[in-house]
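Participant: Here are the chains, one letter per residue:
There are 2 protein chains.
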Amino acid sequence: MKIGILGYGNLGRGVEKAVNANPDQELVAVFTRRDPEGVKINTPSAKVLNASELEKMQDEIDVLVICGGSATDLPEMTPKYAAKYNVIDSFDTHARIPEHFANVDAAAKAAGKIGVISGGWDPGMFSVNRLYSHSILPDGKDYTFWGRGVSQGHSDAIRRIEGVLDARQYTVPVPAALESVRKGENPELTTRQKHTRECFVVAAEGADKAKIEQEIKTMPNYFADYDTTVTFISQEELDKNHKGLPHGGSVIYSGRTGDKKHVIEYSLKLDSNPEFTGSVLAALARAAYRLNKEGQTGARTMFDIAPAYLSPLSGDEIRAHFL
Amino acid sequence: MKIGILGYGNLGRGVEKAVNANPDQELVAVFTRRDPEGVKINTPSAKVLNASELEKMQDEIDVLVICGGSATDLPEMTPKYAAKYNVIDSFDTHARIPEHFANVDAAAKAAGKIGVISGGWDPGMFSVNRLYSHSILPDGKDYTFWGRGVSQGHSDAIRRIEGVLDARQYTVPVPAALESVRKGENPELTTRQKHTRECFVVAAEGADKAKIEQEIKTMPNYFADYDTTVTFISQEELDKNHKGLPHGGSVIYSGRTGDKKHVIEYSLKLDSNPEFTGSVLAALARAAYRLNKEGQTGARTMFDIAPAYLSPLSGDEIRAHFL
Numbered sequence: 001m002k003i004g005i006l007g008y009g010n011l012g013r014g015v016e017k018a019v020n021a022n023p024d025q026e027l028v029a030v031f032t033r034r035d036p037e038g039v040k041i042n043t044p045s046a047k048v049l050n051a052s053e054l055e056k057m058q059d060e061i062d063v064l065v066i067c068g069g070s071a072t073d074l075p076e077m078t079p080k081y082a083a084k085y086n087v088i089d090s091f092d093t094h095a096r097i098p099e100h101f102a103n104v105d106a107a108a109k110a111a112g113k114i115g116v117i118s119g120g121w122d123p124g125m126f127s128v129n130r131l132y133s134h135s136i137l138p139d140g141k142d143y144t145f146w147g148r149g150v151s152q153g154h155s156d157a158i159r160r161i162e163g164v165l166d167a168r169q170y171t172v173p174v175p176a177a178l179e180s181v182r183k184g185e186n187p188e189l190t191t192r193q194k195h196t197r198e199c200f201v202v203a204a205e206g207a208d209k210a211k212i213e214q215e216i217k218t219m220p221n222y223f224a225d226y227d228t229t230v231t232f233i234s235q236e237e238l239d240k241n242h243k244g245l246p247h248g249g250s251v252i253y254s255g256r257t258g259d260k261k262h263v264i265e266y267s268l269k270l271d272s273n274p275e276f277t278g279s280v281l282a283a284l285a286r287a288a289y290r291l292n293k294e295g296q297t298g299a300r301t302m303f304d305i306a307p308a309y310l311s312p313l314s315g316d317e318i319r320a321h322f323l
Numbered sequence: 001m002k003i004g005i006l007g008y009g010n011l012g013r014g015v016e017k018a019v020n021a022n023p024d025q026e027l028v029a030v031f032t033r034r035d036p037e038g039v040k041i042n043t044p045s046a047k048v049l050n051a052s053e054l055e056k057m058q059d060e061i062d063v064l065v066i067c068g069g070s071a072t073d074l075p076e077m078t079p080k081y082a083a084k085y086n087v088i089d090s091f092d093t094h095a096r097i098p099e100h101f102a103n104v105d106a107a108a109k110a111a112g113k114i115g116v117i118s119g120g121w122d123p124g125m126f127s128v129n130r131l132y133s134h135s136i137l138p139d140g141k142d143y144t145f146w147g148r149g150v151s152q153g154h155s156d157a158i159r160r161i162e163g164v165l166d167a168r169q170y171t172v173p174v175p176a177a178l179e180s181v182r183k184g185e186n187p188e189l190t191t192r193q194k195h196t197r198e199c200f201v202v203a204a205e206g207a208d209k210a211k212i213e214q215e216i217k218t219m220p221n222y223f224a225d226y227d228t229t230v231t232f233i234s235q236e237e238l239d240k241n242h243k244g245l246p247h248g249g250s251v252i253y254s255g256r257t258g259d260k261k262h263v264i265e266y267s268l269k270l271d272s273n274p275e276f277t278g279s280v281l282a283a284l285a286r287a288a289y290r291l292n293k294e295g296q297t298g299a300r301t302m303f304d305i306a307p308a309y310l311s312p313l314s315g316d317e318i319r320a321h322f323l
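Respectively, the protein sequence lines represent chains E and Y.
Counting from 1, position 319 in the first sequence corresponds to residue 319 in the numbering used here; the numbering is continuous, with no gaps.
Counting from 1, position 130 in the second sequence corresponds to residue 130 in the numbering used here; the numbering is continuous, with no gaps.
Hint data in this document are derived by calculation from the structure and do not stem from the laboratory.
Among these hints, one or two may not hold up.
When chains are identical, the list treats them as one kind, so a pair holds in a single copy or across two.
[Unchecked claim] In silico DSS-like pairs for lysine-lysine, Cα to Cα no more than 25 Å straight-line:
#1 K194 <-> K183
#2 K240 <-> K260
#3 K109 <-> K56
#4 K293 <-> K109
#5 K183 <-> K243
#6 K183 <-> K240
Chain E on its own, in the form it takes in the complex (with noise of 0.2 Å):
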């Protein structure tokens, strides 16, 4: 199947690499907002357009990943294209996404085209997971623990501080409140209780780095409901120890038959986020291509997905290989 890439960023090179290791599939072009000729991509054999040409390449594309952030870009880049393509987005928007589902789906069914939103680890197969234990133990409660692992949303936020020339935020799960859902305790956690916040901040020379030590741990939403630690690094040491996207976390289920517990747990530790998160994108590309082979329509999340969709191999193989 012929893939499209559309936005060059962190996920965009992170599909990149993960269409690259899928035999069946084949990087077509990275389409850009910017200009082409500025975009270096890893794939010889694609191109790089501007993402104007794809009004007329459905003949050229059978699934088009979207790579763009959820804020601005994909409330209105999925529907748009979803009248054209196949798309795939990895919208985290909690609260507007039923009015993304909605639009994806009436674009995507008069085009007679798939359209999966929300694909990722988180939503994606964290809540695929949620999904599944509370479908299975009723009586349940779900938490969800994310780190140790790089914010990049948190890393921005510190960097826009005045006297602040770079930044790194690690969010980082409470080990005591980890080890009690995982007794299966039940216990009510407070933001605070859940997790805590590394921050690793350069300061430019003469900055109040008091000043600015104050100004993240009182950040409203950030940083104010955490216990956060500050230290302060040089960029040499930044730049040596913290350029990864590391990140990971785990769903905790903690149900009940009557007086019997189970606790499941879906974990994850990835050296990198964004090429994790552009797997789980190229393997819900072929989902969409099948599914849309199929004569389906419409919007999609992966709770709508079966499992065996995602997988290059035939219904026979994958019972004779993972059952």
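Position chain Y against the provided structure of chain E, taking the given hints into account.
Facilitator: Showing chain Y alone in chain E's frame:
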């Protein structure tokens, strides 16, 4: 939806408990090959009937959950009843799955019914996790560890030894192996390096304990390939400390995107193996009912069923709660 259960051992009782915890399901009857008079169930509103009644209850049962053994019961029963009902089983004889799938598929298609085979946790949820992981990260390797938990097959094997009155066998993962796999080290592990076996044995008075221990430890297939410990205890102690059927385990997938490592783990800690397995089968009964209502027919495994079908909630609700 109206549920029937065929077979009332540990698993049948687990399904009964699960069905009674699902407000959208009603247990209509338990069917047994024994004398129904001698079978006492935990659902006052349900009947106990002889299995022969299944010849004529198509109007009263939407889904029949078949709780028989994989060795001889299910290969015969599941196709037989798929010719009359939507059916669910937990068939786990790996080598015979292609044949079983084909038999159930033919019977279910001819009858316009759905037959879900090999439901539970392994095969079942563990299988689904192996498939998702391989589909997302094609460059990787899966490891399955079972336990700590009671193996009923191994416990039975010990009980057949002369001089043994009762026994419980626990399968236990080797901590060093688990740790290495969780670190993404991709070790090659022999059978002995993955699991140990702990046996608690009640010997008859005057029995030759040394001989029993030797016989257990050298039993081919069951124990000879493992580091096995044998502890003789009294019947009272066995009844007090080893009467439960806890189980669980982990599917760990160690994958890569180029130079980046990613570790995915799905793990279960279950107070009751049959009650958890029964809960999976009850959720699959819901899925089978809904698939069949849509006009789908034939054999399925959990690979072929979108997660949403297992949930009693609507698409809007699951997107709102779990995505």
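Participant: Please go over all the hints and tell whether each is borne out by the structure.
Facilitator: Each hint, compared with the structure:
Taking CA atoms no more than 25 Å apart as the test, K194 paired with K183 passes in both settings, with 15 Å inside one copy and 24 Å between copies. Within a single copy, K240 and K260 get their C-alpha atoms only as close as 49 Å, which misses the 25 Å cut-off; across copies the closest is 17 Å, which meets it. Taking the shortest Cα distances, K109 and K56 sit within 25 Å of each other inside one copy (19 Å), while across copies they are farther apart (43 Å). Both within a single protomer and between protomers do K293 and K109 lie at most 25 Å apart by alpha-carbon distance, with minima of 14 Å and 23 Å respectively.
In this homomeric assembly, K183 and K243 come within 25 Å of each other (Cα to Cα) only across copies, at 21 Å, whereas the closest approach inside a single copy is 35 Å. For a Cα distance limit of 25 Å, the shortest separation of K183 from K240 across copies, 22 Å, qualifies, whereas the shortest one inside one copy, 37 Å, does not.
Figure legend: structure checked against the earlier numbered hints; every hint is met.
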